[in-house]
Amino acid sequence: MDDKEKITTGGTPSILEIRALQKSFGPLSVLKDISLSVDRGNVVSIIGPSGSGKSTLLRCASFLETADGGDILFDGQYAMHDGVYASKAELKRFKTLFGLVFQNFNLFPHYSVLRNVTEAPILHGEDKEEVHERALGILKKMGLEGKEKSYPFQLSGGQQQRVAIARALAMRPEVLYFDEPTSALDPELTGEVLKVIRQLAEEKMTMVVVTHEMPFAKAVSNRVIFMDGGVIVEQGDPREVFDNPKEERTKQFLRVFER
Amino acid sequence: MSLMTMILKMSEGLGRTCAIFFLTLLFSLPLGMIVALLRMSKFKPVAAVTRFCITVLRGTPLMLQLLAVTYGPYYLFGANVVRNKLIPVVIAFSINYAAYFAEIYRGGIESIPVGQYEAAEVLGYTRTQTFQRIILPQVIKRIMPSITNEVVTLVKDTSMAFTVSYQEMFTIGKQIANSQTSFTPFVVAGVFYYVFNAVVDYVMGRVEKRLDYYR
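Each protein sequence line maps, in turn, to chains Y and G.
Under the numbering used here, the first residue of the first sequence carries the number 1, and numbering increases by one thereafter.
Under the numbering used here, the first residue of the second sequence carries the number 1001, and numbering increases by one thereafter.
Since the hints were made in silico from the structure, they are not lab data.
None of these values were measured; they are calculated from a predicted model.
Treat each hint with caution, since some may be false.
Claimed, not checked - Quick list of in silico lysine-lysine cross-link-like pairs, BS3-like style, CA-CA up to 25 Å:
| hint | chain 1 | residue 1 | chain 2 | residue 2 |
| --- | --- | --- | --- | --- |
| 1 | G | Lys1009 | G | Lys1085 |
| 2 | Y | Lys195 | Y | Lys141 |
| 3 | Y | Lys147 | G | Lys1174 |
| 4 | G | Lys1042 | Y | Lys88 |
| 5 | G | Lys1009 | Y | Lys149 |
| 6 | Y | Lys218 | Y | Lys195 |
| 7 | G | Lys1209 | G | Lys1141 |
| 8 | Y | Lys92 | G | Lys1009 |
| 9 | G | Lys1141 | G | Lys1085 |
| 10 | G | Lys1141 | G | Lys1009 |
| 11 | Y | Lys128 | Y | Lys92 |
| 12 | Y | Lys204 | Y | Lys218 |
| 13 | Y | Lys128 | Y | Lys147 |
| 14 | G | Lys1141 | Y | Lys149 |
| 15 | Y | Lys128 | Y | Lys140 |
| 16 | Y | Lys141 | Y | Lys128 |
| 17 | Y | Lys147 | G | Lys1042 |
| 18 | G | Lys1174 | G | Lys1156 |
To be verified - Covered stretches of chain Y (in silico footprint by chain G; criterion: 3 or more residues with CB under 8 Å from a CB of chain G, positions within the stretch not fixed):
| hint | region |
| --- | --- |
| 19 | 22 to 28 |
| 20 | 90 to 103 |
| 21 | 180 to 189 |
| 22 | 227 to 239 |
Beta carbons: idealized from backbone N, C-alpha and C, even for Gly.
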């Protein structure tokens, strides 16, 4: 299925929907009643101060954290219903629907760039040759042509993060999550990573991006979610949220970035 | 007795020395991994018991353990002491070294960043695939220097088999030293161990070099 087909399947439910999600670490309530939905072909940015629960939200949506309550739906199907997770087999299937790009890349250091990208789909039983070809195509798109045989330590942070994006894309996810993808990079390298994310947005890749890059969030997203203290304070059209925030807390947060 | 005769006589025990060395590695390296996994078990009693066993094995002399395994059955059940002492010697060495290897493995496994597990999980690797393909290779690279240390120690520790009169190289050397009232056999033994360890050093160095392709 190519990208165009994905977006023309209008009418279908949101690829990701979260309702009343709750998560505590011991006595600390990190997510309180979070609801959001992500439509196919859309880019949703999640902004907010450190400790606001953005990353935890993304980690719950990728099953890296176990949420305590609420619903998580993929494509209208329950992965979690009222705090109860679906069966292991079902969760395994849902897992194929999303990819996650980490702040610290988390590439496999003992694998070449190409093997980092190809191993997972091959382990899933896909044809080796096909995966290989696809991987080379994705790497080329990421501007990493000729780096296939390199090892992660030989690459810059920006290149490593682009390999991580390629690795996630090779699994052909329906939605791609980014957890502060540029926070571990210096400003010079941030640009090249944002560029490829922007390129993916233009190709109508569905993405959820936790970021501190405000101009980027404003330019790329279809919707922006501002979180603070484990709740969604405000969400909506990026121009609305950035230029005309309604909540005092949002104004206060965004003011920091204006300077 | 001429030096040449001494060397020849002691060489006869070299095969047994090697037998202890290689058999101990053969059994203790995998056994150590099992012990490490038990030690890290999420089921607390298993972890606690394993931890206790490790402290006993590391906290008491290997010599004592050798005696216990070789003669323990006799004192406990009146069983005959086995003819071929290689068996109890290898059992004692393997268990003792497994305890040390287990702690090295555990340190290595715990040093792998949690992000490696998470990346593998999101990519759909099963737990076994994650351990075998992602974690273990990185652990092996990290623990190689510590493993080399233990292997070098093992070469020298084989000499402890003399306490149960297993006829390996050092035991023969000690017997010659006693009968000839000569220190020379110990010098010969020292040279033997030194050469053995030079080979071990070379081989382990090669292995480490092969793992040097990434950081």
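Checked hints:
Restraint check: the Cα-Cα separation between Lys1009 of chain G and Lys1085 of chain G comes to about 19 Å, which is no more than 25 Å; the hinted pair holds. The suggested pairing of Lys195 of chain Y with Lys141 of chain Y holds, with an alpha-carbon distance near 11 Å, which does not exceed 25 Å. A threshold of 25 Å between alpha carbons decides the hint, and for Lys147 of chain Y with Lys1174 of chain G the separation of about 61 Å lies outside it, so the pair is violated. This hinted pair checks out: Lys1042 of chain G and Lys88 of chain Y have alpha carbons roughly 20 Å apart, not beyond 25 Å.
About 54 Å separates the Cα atoms of Lys1009 of chain G and Lys149 of chain Y, which puts this hinted pair outside 25 Å; it is violated. For the proposed pair Lys218 of chain Y and Lys195 of chain Y, the alpha carbon gap of about 14 Å is at most 25 Å, so the pair holds. A C-alpha spacing of about 10 Å is found between Lys1209 of chain G and Lys1141 of chain G, which places the hinted pair at or below 25 Å, so the restraint holds. At roughly 65 Å between alpha-carbon atoms, Lys92 of chain Y and Lys1009 of chain G are farther apart than 25 Å, so this suggested pair is violated.
Distance check on the hinted pair: Lys1141 of chain G and Lys1085 of chain G sit about 35 Å apart at the alpha-carbon level, beyond 25 Å; violated. Restraint check: the Cα-Cα separation between Lys1141 of chain G and Lys1009 of chain G comes to about 40 Å, which exceeds 25 Å; the hinted pair is violated. Using a Cα cut-off of 25 Å, the hinted pair Lys128 of chain Y and Lys92 of chain Y holds, with the two alpha carbons roughly 22 Å apart. For the hint pairing Lys204 of chain Y with Lys218 of chain Y, the CA-to-CA distance comes to about 16 Å; that is within 25 Å, so the pair holds.
Between Lys128 of chain Y and Lys147 of chain Y the CA atoms are separated by roughly 19 Å; this keeps the pair inside 25 Å, and the hint holds. Annotation: proposed proximity of Lys1141 of chain G to Lys149 of chain Y holds, straight-line Cα distance about 20 Å (limit 25 Å). A hinted pair counts as satisfied when its Cα atoms are at most 25 Å apart, and Lys128 of chain Y with Lys140 of chain Y qualifies at roughly 18 Å. A C-alpha spacing of about 20 Å is found between Lys141 of chain Y and Lys128 of chain Y, which places the hinted pair at or below 25 Å, so the restraint holds.
Among the hinted pairs, Lys147 of chain Y with Lys1042 of chain G is inconsistent with the structure: their alpha-carbon atoms are about 41 Å apart, more than 25 Å. For the hint linking Lys1174 of chain G to Lys1156 of chain G, the alpha-carbon distance of about 15 Å falls within 25 Å, and the restraint holds. Here the region 22 to 28 of chain Y counts 0 residues with a CB under 8 Å from a CB of chain G, which misses the bar of 3, and the coverage is violated. Check result for the region 90 to 103 of chain Y against chain G: holds, 7 residues qualifying (beta carbon to beta carbon below 8 Å, three or more required).
Requiring three or more residues with a Cβ within less than 8 Å of a Cβ of chain G, the coverage given for the region 180 to 189 of chain Y is violated, as only 0 such residues are present. Coverage of the region 227 to 239 of chain Y by chain G is violated. Counting CB-CB distances below 8 Å, 0 residues qualify, and the rule asks for three or more.
In this structure, the earlier hints numbered 3, 5, 8, 9, 10, 17, 19, 21 and 22 are contradicted, and the remaining ones agree with it.
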